[in-house]
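Input sequences plus hints: build the corresponding full structure.
Residue-level listing of the chains:
Protein chains: 2
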Amino acid sequence: MAAFIENGNRFRLTDPTLAPAAAGYLWNRRMMIQMTCRGYAVSQYMDPEPRKYAHAPTLAAQTFMQPEHRYFAHHPGRFFYVRDDRTGALFSAPHEPVRATPDSYAFEPGLSDIRWVIEKNGIRVELCLELPVDDAAEIWSAKVSNIGKTDRDVAFVPYFPVGYMSWMNMGGHFDAELGAVVCTSVTPYQAVEDYFKNRHLKDITFLAADRTPDYFEVSQQAFEDEGGLADPSALQAGGNLAGGDAAYEIPAGIMQWNLTLPVDGSEEFRFVFGPAHDKAEIAALAAKYLRGDTEAVRSASRAYVDEGLGSFEIESPDAAFDAFVNRWLPRQVFYHGDTNRLTTDPQTRNYLQDALGMVFIRPETTRAVILRAASQQFASGKVPDGILLNSGATLKYINQIPHTDHAVWLVIATCAYLDETNDRSILDEQVAWIDSEGTDSLYDHVTRALRFLAGEVDERGLPLIAQGDWCDPMNMVGYKGKGVSGWLAEASSYAMSVWAEISESRSDSDNAKWLRHEASAMVDRINAHLWDGDWYARGITDDGVPFGVSADEEGRIYLNAQSWALLCGAADDDQKARMLSAIDDQLATPYGIAMFAPAYTKMREDVGRLTQKWPGSAENGAVYNHAAAFYAAALYHISDGDRAYRVLRAMLTEPAAADIAVRGQLPLYIPNYYRGAYHQFPRTAGRSSNLFNTGTASWFYRLVIEQMCGLRGAGDAVVIAPQIPSEWDRCRFRRTLRGATFDVSVERVPGLPDQVVEVDGQRLDGTILRQVEHGRSYDVKVKIPSRVQQD
Amino acid sequence: MAAFIENGNRFRLTDPTLAPAAAGYLWNRRMMIQMTCRGYAVSQYMDPEPRKYAHAPTLAAQTFMQPEHRYFAHHPGRFFYVRDDRTGALFSAPHEPVRATPDSYAFEPGLSDIRWVIEKNGIRVELCLELPVDDAAEIWSAKVSNIGKTDRDVAFVPYFPVGYMSWMNMGGHFDAELGAVVCTSVTPYQAVEDYFKNRHLKDITFLAADRTPDYFEVSQQAFEDEGGLADPSALQAGGNLAGGDAAYEIPAGIMQWNLTLPVDGSEEFRFVFGPAHDKAEIAALAAKYLRGDTEAVRSASRAYVDEGLGSFEIESPDAAFDAFVNRWLPRQVFYHGDTNRLTTDPQTRNYLQDALGMVFIRPETTRAVILRAASQQFASGKVPDGILLNSGATLKYINQIPHTDHAVWLVIATCAYLDETNDRSILDEQVAWIDSEGTDSLYDHVTRALRFLAGEVDERGLPLIAQGDWCDPMNMVGYKGKGVSGWLAEASSYAMSVWAEISESRSDSDNAKWLRHEASAMVDRINAHLWDGDWYARGITDDGVPFGVSADEEGRIYLNAQSWALLCGAADDDQKARMLSAIDDQLATPYGIAMFAPAYTKMREDVGRLTQKWPGSAENGAVYNHAAAFYAAALYHISDGDRAYRVLRAMLTEPAAADIAVRGQLPLYIPNYYRGAYHQFPRTAGRSSNLFNTGTASWFYRLVIEQMCGLRGAGDAVVIAPQIPSEWDRCRFRRTLRGATFDVSVERVPGLPDQVVEVDGQRLDGTILRQVEHGRSYDVKVKIPSRVQQD
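Chains as they are written, first to last, in the numbering used here: chain A, 115 to 905; chain B, 115 to 905.
Simulated from the structure, these hints should not be mistaken for lab results. Since the model is a prediction, treat every value here as computed from it, not as a measurement. Glycine is no exception: its CB is placed at the ideal position from the N, C-alpha and C atoms. Incorrect hints may have been included.
[What the hints assert, rightly or not] One-sided and incomplete, this derived list gives chain A residues near chain B with beta-carbon spacing under 8 Å:
hint, residue
1, A174
2, E182
3, V300
4, Y303
5, Y309
6, I364
7, F492
Encoded structure:
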């Protein structure tokens, strides 16, 4: 804990060696950047597909975001060398590449900026990275101060490696007119049609400063030479940068100022780094962000992040939880919902779940997402694997592999939107089909999606899995056309039940009846074919072999198959008890509940790619937080708020000192996984993916608001039914819902027999408040029995 | 020159900082490796497509071989740390990553091995890399000797980074039974069909030693930690490797032996490093190469290289030229011809030209290549862009782009094969078509290829260029279907002329007549449409604009358009003189003759990708040795042997001291280019591509043998017509041809009016020796006039 001093909006790490991969992240409408405490960076922007403007020194693969990103000496980063011109002593801020031990160090990622303060040998370097709202550009400010007792001469040398830009063409030069290093390239192509596609691309990477450097260098090789990055030849023996260019050589933006700093003296710098299409664009960006109103830029960037802070705030006995849920969590939800994870073809499943969280931040985004997803549906009712966000986009990577679960998420997102907004007009919106003329209402689209789903079943009536369901790499269970998904059977039943309520509310009783019948028949089939004695099987393979069952040595029990059995109501009380016990026994780890266990250590050709993934990483037996969030949802569903809270809270556990090196991250976001396989691979268990793209964020936020705090819409009414953990004596929260503001205090009262809800001093009969008035503020007090007394 | 001490079969570099990218290369039937003097490596093997077993630390792109490969701190390499256990002093052999200044250093790439001898602080490390003939495996031997005056305790730590193997699964462990570090991975895939494709792949990389290490480490990160590669934490403070594993972490093969070395004492080690499919394969490789007959392995490897040494040897006043041409050049030709550049879909153009050189080494390979290429020809006569070498291969990269020149190379390769072997049976071989039933003779195939070529012309009768000819990136001259290639007009005319001779020899006079007429008509069109006044245009664009003409500011003059005008006989004496003068004025650089000039510095949308490449690199205005070799061929064709020799010799110029950093290579092979654009970018001009894949090697070898030495087959006879450079007073050479051995001495005789050829003491009437007897040795003396007297 010593390393992490939290003040709500900003975290602090005071030792760069304690958690080398600890990173903050920023994004805007065009780009995202993840900066490690030591100065390494992972960034990308949309042009319109994801691209990089700072590259590795080797030709890197174009790929989706990978977990546990690996850093190495020449990894892209942003580095600031400081050389004492009298002694020659060199250090670099934030820490790489020199790795000198700082006298004092603080890495402070905030909501809308990332800051560092490094002190070494009487020099303080303060760094700050901000992003503008609408441009792909990094705005860096740097202040170099003499905090010692004598005058100092120092060389200050920002070094922004640009890396291997292109095998076809790359280079760089200093443009005196722009005051910028301009690194040029041509995106490589061979087919002539790609030339025309590439013409608009931002093939330049530039580093512009707010004042002319004394010296500069553009060639990576000339800069480091024999000295290497830790002791660049160009900075040895008091030398100054030679002012070279890069000609089909790896370029870098490197500038030097020789500063004379009196005691207490300081110098401030401002830089813009990023991609550009041409010189005019560089000039415009430099004018805006170097010479423009810097305070206005900062305010706009804060305002952008504030937009995403949501309409919910909690004050509980758990300050760290509050800070996360009030600021960092909605920020993560907003990142997903506002940028679609910076792809042009989000997986339908992700796209709709990211929109799920947005109902609490900007419900009109959720509305648009639902309608867009439905508009790419096939007339058969089939929901596609990915949603194209612009006309040039194509389905890539995993979106080319057939999965069968997408209809479920269309139902869940639509119901969540209705619960929050009660905007029933969305159901009547006329929506096109991707492969047919004419339009139908959204209601018809969703209904048809479920009818399609109900038809894609085997002879038992269980849903076919094709090459995957929610679990992408479970790709060989059903690739021969026979295997079925137990989880999808449950999720289908659940989706049909909730959609039946919508049908009823529209007096479409035939459909409601059909849905209820289907949902219930599916539950019967689940219990007939998938109950294994103490838990539910995950599915049945092409060869008719149930898996995720007690007979399996690896992959014996899957969390999702239990969570959704609870959600769809398949399990009776005896089954519930057995399942919970099995989960505790087999899936619980010190880092959360694993997605399944034991992890696979060898290929199972009737399960698939999943079983070839590293045991304990990603989907193979990890604490996959998305699955854990489903489990929490199921636990709230069966009113086990304490257990649910523990599942959620485990995702945020601030790493204890001993764990920091393992987790390697600050709890600024919920990562998509912590490594599991705790019993098989204890050394690496608990390690974070360091990847903040995950449907977990939306579910976590929704569960805290709608279940833990228990304030949610339901039809025309509002439900007030908190399920706070028993270790909390009280909590307060505030949220807006249906245009009204609710100030809610929840308090445990010893000896109280039942939960009591008072609205504006009036005791509510039950948990339902009807007729919420737009614009009104409600003062709500919830008294709940104290469970402590039972001991 | 000081840095390069040559002994014919082995070069020597004595300072690793002088030419950091200097590299030797080895290959066998399964793999190739290029090792720099400092320890960095680029290697790949066939499985069946090209794959890597040692990776960068980041997810690298799958791509074709790129020129001017960039090295960086964490680039794959093979490193051997030596730590003095009393003082803690550390160095690494060959040089990286510690970069300690050696007391003595030698890098000695040989024909079938690569050696180093490094001395530092009284310790000598001798390293040797060899490849077996048929396995993808590196065999390393290392000897550590105490050459000082006191006993020494040293830790010897071989470190073989394995890098980022796979995003799906990677790890490693020490297998005590094998005595090997075994790094495992699963080649990533998403589509289920790829699982079945990947199942056979060698997803393991291993390092096995001939004795059990005292300590080991498998995790890259655990090894280097805060110390970094230059001072790994695991080796600091006298520590020993911790014996860890790698679990979804970047693995490395790292072993440690703590040695006590008395004065003059030494220890020897042997390692195998490479890919494997399973443990059994590792065990087999270790048994063969660690515990087997090491001398037999070495002999086999030498024998393999010797197989490729060809049937030609020269002794001239230029010893460096002799060493290159006698050993390194045929070795490079053999590499191409025996491995097809380690691809499964060679470009047809490359495949046939690589086979051209093989006529002097293993003509049966040339024969097989010609027949295979013809068997993939379309029934229309069209020759495909690439030739598939196995049933799973597909056309990739540039082979998916339509080019129009392939027929030309089929003619040239076939004629070269006939000249060398007089094996006319090849012409009657029955060959299938790729898209039609039945077979036809090779003669018919080639003839039909030319008929197809003759039909693919514009209204002027000039050949359409589509998206490229010999020049791949000239992809926008004719993409609209109208642009024509001036070079291809010349090459077509040339090919038709030489094929007319074949037709005549078969008494197919109709065809011969048609070919001669077409060739001659094409020459008329060339002169009508492409002569620009002082040289020939390179082509005419889709919009009817001639380019490569005096009106162009960039790309004014192209070498190929002149060379092939000479070869096809389009130019009269006045035109020749003007062209040669224009070439001297505009294309000559200190590093050879550029392919065109001035290099393009901006996009020309009517020429294409070529103009977007880096000016001076690769095809954009470089000294592209393949084009220079064509020019040399043309110069021999017009009997300008002096100029031709200068063009060829420039490809081998051993870098002068000042150039070493620029060229950065040893003259062990002809690289595909030296950077050109000498007048525009003098700093980088002359820099080598460091890429040994090039059709230049075959042409160079052929020109030396058939033109400079002038001993070649022609129909049933043999021609003896040397064109040695006038600066040579004499030379001797020996070659086998048509089953006979020719020992030829060439001598300049002052005052001699005409060249005189004596065979076994009998003066030959002219230059043609008829009726060569198989098995006989001919003693040939050629006396040529001394040109010096003219001065």
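Here is how each hint holds up against the structure:
{"no.": "1", "hint": "A174", "verdict": "holds, 6 Å"}
{"no.": "2", "hint": "E182", "verdict": "holds, 7 Å"}
{"no.": "3", "hint": "V300", "verdict": "holds, 5 Å"}
{"no.": "4", "hint": "Y303", "verdict": "holds, 7 Å"}
{"no.": "5", "hint": "Y309", "verdict": "holds, 7 Å"}
{"no.": "6", "hint": "I364", "verdict": "holds, 6 Å"}
{"no.": "7", "hint": "F492", "verdict": "violated, 21 Å"}
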